[in-house]
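**Q** These protein sequences, in sequence, are chains Z and H.
Just so you know, we're using my numbering here: the first sequence kicks off at 1 and counts up by one.
Just so you know, we're using my numbering here: the second sequence kicks off at 81 and counts up by one.
Calculated directly from the structure, the hints in this document are not laboratory data.
Owing to the predicted nature of the structure, the values given are computational and were not obtained by experimental measurement.
Be aware that a few hints might be false.
[As the list claims (entries may be wrong)] Covered stretches of chain H, as calculated for chain Z (at least 3 residues, CB under 8 Å): (1) 235 to 246; (2) 325 to 335; (3) 436 to 447; (4) 491 to 501.
[As the list claims (entries may be wrong)] Only pairs whose alpha carbons sit at most 20 Å apart, straight line, appear in this in silico DMTMM-like list of lysine to aspartate or glutamate: (5) K471(H) to D50(Z); (6) K434(H) to D11(Z); (7) K321(H) to D21(Z); (8) K322(H) to D50(Z); (9) K179(H) to E23(Z); (10) K322(H) to E23(Z); (11) K322(H) to D292(H); (12) K179(H) to D21(Z); (13) K471(H) to D538(H); (14) K321(H) to D50(Z); (15) K179(H) to E235(H); (16) K321(H) to E23(Z); (17) K434(H) to D50(Z).
Ideal Cβ positions, reconstructed from N, Cα and C, are used throughout, including at glycine.
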Amino acid sequence: MSSVRPGSCADCRHFNGRPLDIEAALPGLSSLSSAYAAVRSNDGICAVHDRYVAASSVCASYAGRQLVDSSASRRRRHES
Amino acid sequence: MAEIAERSQSRLSARPSLWSELLRKEDWWAIWIGLGLVAAAVALFANGASIKWIAVAPQKWAHLANAAAQLQAHAVQYAALFVLWAVSLGIGAAALGFKLTRFVPAFLVLYVAAGAIYFLGLWDQAAHYNLEPPLVALGLGLLVSNTVGVPRWLEPGLRVEFYIKTGIVLLGASLPLTLIAWAGPVAIVQAAIVSLVTFGVIYYSAVRLGLDRRLAATLGTGGAVCGVSGAIAIGGAVGAKKDQVSVAISLVVVWAIVMIFVLPLAARSLHLSTGVAGAWIGTSEFADAAGLAAAQTYGGYAGNVPGIAGHAEAAVSAFTLMKVIGRDVWIGVWAFVLSLIATTRWERTPVQSKADAGEIWRRFPKFVLGFLAASAVITLVSKGYDYAAYKKDVLPGLVAPLQALRTWTFTFAFLSIGLTTRIRQFVSVGARPFYAFTLGVAVNVVLGFVLSTQVFSDFWNRLGQ
Chain Z
1 MSSVRPGSCA
11 DCRHFNGRPL
21 DIEAALPGLS
31 SLSSAYAAVR
41 SNDGICAVHD
51 RYVAASSVCA
61 SYAGRQLVDS
71 SASRRRRHES
Chain H
81 MAEIAERSQS
91 RLSARPSLWS
101 ELLRKEDWWA
111 IWIGLGLVAA
121 AVALFANGAS
131 IKWIAVAPQK
141 WAHLANAAAQ
151 LQAHAVQYAA
161 LFVLWAVSLG
171 IGAAALGFKL
181 TRFVPAFLVL
191 YVAAGAIYFL
201 GLWDQAAHYN
211 LEPPLVALGL
221 GLLVSNTVGV
231 PRWLEPGLRV
241 EFYIKTGIVL
251 LGASLPLTLI
261 AWAGPVAIVQ
271 AAIVSLVTFG
281 VIYYSAVRLG
291 LDRRLAATLG
301 TGGAVCGVSG
311 AIAIGGAVGA
321 KKDQVSVAIS
331 LVVVWAIVMI
341 FVLPLAARSL
351 HLSTGVAGAW
361 IGTSEFADAA
371 GLAAAQTYGG
381 YAGNVPGIAG
391 HAEAAVSAFT
401 LMKVIGRDVW
411 IGVWAFVLSL
421 IATTRWERTP
431 VQSKADAGEI
441 WRRFPKFVLG
451 FLAASAVITL
461 VSKGYDYAAY
471 KKDVLPGLVA
481 PLQALRTWTF
491 TFAFLSIGLT
501 TRIRQFVSVG
511 ARPFYAFTLG
521 VAVNVVLGFV
531 LSTQVFSDFW
541 NRLGQ
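Whole structure, please, built from the sequences with the hints as guidance.
**A** Right, here's the structure in full:
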């Protein structure tokens, strides 16, 4: 189903593929289409380049999401 | 910190699995709901019953007292229909990520407003005062959202595409598969001519005006293929800037809404038959929901406005064949070809996209499969009936109730278009994108008119008989 490569936008913390965020960022999208539509595939918004990109794209500014997640978990454990 | 981690976790759905596709895309939910209703209708029909009790719809009325009496007599059915929609659409909305406790109250308001508009459309003077339900729903929605505004709690219920796709799946039940096979190739040829010419005009005029090729392609497919859906599909495939996608969406929405009013009025003044007008609207409208509003409006003129030949269903049928079969299903191909060109021919951007033939399936509008499946099921069920028996049994017991359910979903969608369209939110598009897109609109409308009324007119007229 997926053609997403390791290290691609899909795994990048700068990439936001959440439908409601996409609809909020693109006014008019929900008036005559939807971010839940199959035609969107798994595209999302790159916060670094301010582009609307496919989840399978790659770039030099890639920042792994898992690093952020594990560091956030460590901090949460520390805070608790 | 916990908030950041939660937000980060919530984004981890970027890698899709087969199951998440089936549960988290509204195309699939439109199929589950639409085909579920068709299956229930067929099962009841096969056992000598009918779904028509719950598929209640207003009948013609002349005085308010008649309408009130109708409502009173069928109050339980209207309540049951609300429960049916709230449960089926609510399950779908919940799977998409909306809270049921927020969706259901919002949907209740939409249901009541849609019911009032549906009733108004059945007033025997409605056609005289141009009170066609799609136009009333759209106009009322636009008025509310652009004056007093829509409260935030109502927003979860305004899912235009979810409703319109469910309605299109149900529409398959009233279009025999044999008709789709007969008319589909002509629709594809006509749509291909118009799509290629319109894309070419918008793309090359945009590039000549000095616009970025990614913006030109996003504008071109928005105008030529499937409106806002086309714009986001190509915007993502070629890696357009977010603002470029916004510009394309703004232009498509504004022109699509203008065309909802202009195309039926122009066709009416020219006394086009319902089949021909439906084909023209299917060629020259940009979005499914907008086009169905225009086509259903025109279908409403049949039998009410002198000089309009053809039956009411022909406008919606011709529109659907042209738009859904002729244009929508090709968006994956457009996305693949343009992403290939973008990665190999255009100037590079910091983000490198990947051209992949799998794009054709991933972006395929899956609800079309539900539309074809519904058509196949009803065609199969109707096979053993001659025309007289079909009209006596199958039409009132099976097909007409599904048509009534479809009209409900379309009315939800038309009202939602107006209520979600806030003119102030649209970005300033700039003169050059406006000129390029508007030139494409002009060419599209003229070419669509010539093909529908001259080149293929006999064909579309026959569809309406």
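**Q** Each hint needs a verdict: does it hold in this structure or not?
**A** Hints, one by one, checked against the model:
Residues of the segment 235 to 246 of chain H lying with their CB closer than 8 Å to a CB of chain Z number 5, which satisfies the three-residue condition for coverage. Against chain Z, the segment 325 to 335 of chain H contributes 6 residues with a C-beta closer than 8 Å to a partner C-beta. That satisfies the three-residue criterion, and the hint holds. Check result for the segment 436 to 447 of chain H against chain Z: holds, 9 residues qualifying (beta carbon to beta carbon below 8 Å, three or more required). Closer than 8 Å: that is the beta-carbon criterion, and the segment 491 to 501 of chain H has 3 residues meeting it against chain Z, so the requirement of 3 holds.
For the suggested pair K471(H) and D50(Z), the alpha carbons sit about 57 Å apart, so the restraint of at most 20 Å is broken. Annotation: proposed proximity of K434(H) to D11(Z) holds, straight-line Cα distance about 15 Å (limit 20 Å). For the hint pairing K321(H) with D21(Z), the CA-to-CA distance comes to about 16 Å; that is within 20 Å, so the pair holds. For the hint linking K322(H) to D50(Z), the alpha-carbon distance of about 6 Å falls within 20 Å, and the restraint holds.
Taking the CA atoms of K179(H) and E23(Z), the gap is near 17 Å; set against the 20 Å cutoff, the hint holds. Of the supplied pair hints, the one linking K322(H) and E23(Z) holds, its CA atoms being roughly 12 Å apart against a limit of 20 Å. Straight-line distance between C-alpha atoms of K322(H) and D292(H) comes to about 13 Å, which keeps the hinted pair within the 20 Å bound. Straight-line distance between C-alpha atoms of K179(H) and D21(Z) comes to about 16 Å, which keeps the hinted pair within the 20 Å bound.
For the given pair, K471(H) sits about 26 Å from D538(H) by alpha-carbon distance, which is inconsistent with the 20 Å threshold. In summary, the hint linking K321(H) to D50(Z) is supported, as the alpha carbons are separated by about 6 Å, within the 20 Å threshold. Distance hint between K179(H) and E235(H) is fulfilled; the C-alpha atoms sit about 12 Å from each other, no more than 20 Å. In summary, the hint linking K321(H) to E23(Z) is supported, as the alpha carbons are separated by about 15 Å, within the 20 Å threshold.
At roughly 18 Å between alpha-carbon atoms, K434(H) and D50(Z) fall within 20 Å of each other, so this suggested pair holds.
The structure fails hints 5 and 13 (numbered hints given earlier, in ascending order).
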